[in-house]
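Colleague: Place chain B on chain A using the hints.
Quick mapping for you: the protein sequence lines, in order, are chains A and B. Position in the first sequence (first residue = 1) + 38 = this note's numbering. Position in the second sequence (first residue = 1) + 38 = this note's numbering.
Rather than coming from a laboratory, the hints here were simulated on the basis of the structure. Just to be clear, a hint being listed does not mean it is correct.
Treat identical chains as interchangeable: a pair holds within one or across any two.
[Claimed, not checked] SDA-like cross-link-like pairs, simulated, lysine to any residue; straight-line CA separation at most 20 Å:
no., residue 1, residue 2
1, K250, N130
2, K265, E252
3, K236, R262
4, K265, I285
5, K277, S57
6, K277, S134
7, K281, E269
8, K185, D228
9, K128, E235
10, K265, A129
11, K236, T44
12, K236, P211
13, K277, V84
14, K91, E179
Protein chains: 2
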Amino acid sequence: MNSMNTRRTVRAYSSQPLSDQLLHDLITTACRASNTGNMQAYSIIVTRDMERKCILTPLHFNQTQVTQAPVVLTFCVDFNRFGKWCEQRKANPGYSNLQALTYATIDTVILAQAFCDAAEALGLGICYLGTTTYNAEQIAEVLELPKLVIPITTISVGYPQQTATTPLSDRLPLDGVIHQETYRDYTEDDIDRIFAEKEALPENQHFVEINKKETLAQIFTDIRYTKNDNEHFSEAYLKAIRKQGFII
Amino acid sequence: MNSMNTRRTVRAYSSQPLSDQLLHDLITTACRASNTGNMQAYSIIVTRDMERKCILTPLHFNQTQVTQAPVVLTFCVDFNRFGKWCEQRKANPGYSNLQALTYATIDTVILAQAFCDAAEALGLGICYLGTTTYNAEQIAEVLELPKLVIPITTISVGYPQQTATTPLSDRLPLDGVIHQETYRDYTEDDIDRIFAEKEALPENQHFVEINKKETLAQIFTDIRYTKNDNEHFSEAYLKAIRKQGFII
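Only chain A is shown next, with the shape it has when bound in the complex:
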């Protein structure tokens, strides 16, 4: 648990290689985590080849850790394998729908996070690439994913370039995310209090200033996670889901 409390996202990796043996041990551990009905409707695509990393990089908005990390792992929902098994065994699979996609997405993320917790406990560093569902169609093409396989999230992993000395990133106070028994909606005062620390951070105030915004919230809505971008990438993800054979 200690490694979990002091963890930082790692975007710069040392040249120390990550062996296949260790990678496989970590994935074996991650597969011990829970999954729906023990169907294991997921696959992991391992990227080590620099040429392929270079093709993936723009699909991850040019985040440098794609080429800089020794290993990039793309965690995918996979009902292709399970469906093939069903068909070979005189069974009629029914997994090309939203509910199956949803529970397999949950299982895929459980697998990814179990991998991260195991890796960080051994001193490795990871970074999630949230760009995977933005460009799922193109990533599926690069990784040659068949129908009923769709990428959900990507992790870069390797040994950290140096021991992190930066402060831990901020988090909301605990009562900002926990509710007892039922959802207690937030008053204006609650919102002011819950976001106060985040708004007071010098780096966040600096962002607001250099971007000529009035508030930190505008950094999110106008620059980082805009309505337009979210809607554009909603369409793109829906298209990818349907192209991979899920009916929504």
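Modeller: For chain B alone, kept in the frame of chain A given last:
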């Protein structure tokens, strides 16, 4: 990592209470995990009250751990809190769409699994309730979730009734879930080999026999995760998503 390699899902809990302090420490640890843009678009609803557990139980298909565990945690996507902050800060939130729901779902599951890994490292036992997205609309009502909050997964947690002595549940061989560089599709022989251990397990053969089925795959497609059920619960989940204010 050791606790991760020997973990078992725990459905029966001892009477040893789980203190608020420990629960909060574990959630604090879990919140250290990665999340998209550090927006923390999630909430956890803590259920300890027996009356509410009894209301939740049928929504989780009468799984006994809902009432038997000292604590039930429902992990929800939450863009209500973040959206309220944006609106109080002259910013226009744009998070009622599929892409925002998707990345917040990923963040919510990362949080849930980080909680599980931290809890199990301290000797607690957990069980995921995959029924949450099946009955999301009704669970949202019981937990009084406002618009832009939707339940994604539920965990029961407590001290195990006894040290597990049952064998670990089976998992597919590692080459069944890993692909190098690109997806290598499965031949008939691959499928036979990958599922051989699962099919040979005495308890699985017993299931096939008592259910008068020809194959284990039919247990999944005809009884446990049928096309009809998946399609029914796809409609139900889509309805819940829309009722909570997400546009899909």
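Colleague: Would you mind marking each hint as holding or not holding in the structure?
Modeller: Each hint, compared with the structure:
1. K250 to N130: between (58 Å within a copy, 16 Å between copies)
2. K265 to E252: Within one copy only: 18 Å inside, 51 Å across.
3. K236 to R262: Classified as within; 16 Å inside a copy, 46 Å across copies.
4. K265 to I285: between (25 Å within a copy, 12 Å between copies)
5. K277 to S57: Neither, since 36 Å and 46 Å both go past 20 Å.
6. K277 to S134: The answer is both: 14 Å in one copy and 18 Å across copies each meet 20 Å.
7. K281 to E269: both (18 Å within a copy, 19 Å between copies)
8. K185 to D228: Classified as between: cross-chain Cα gap 18 Å, same-chain 46 Å, threshold 20 Å.
9. K128 to E235: between (58 Å within a copy, 18 Å between copies)
10. K265 to A129: Between copies, since 11 Å is at most 20 Å while 43 Å is not.
11. K236 to T44: Answer is within: at 19 Å inside a copy they meet the 20 Å cutoff, but 39 Å across does not.
12. K236 to P211: Intra 10 Å, inter 45 Å, cutoff 20 Å: intra-copy only.
13. K277 to V84: The answer is neither: 25 Å in one copy and 36 Å across copies each exceed 20 Å.
14. K91 to E179: Classified as within: same-chain Cα gap 14 Å, cross-chain 45 Å, threshold 20 Å.
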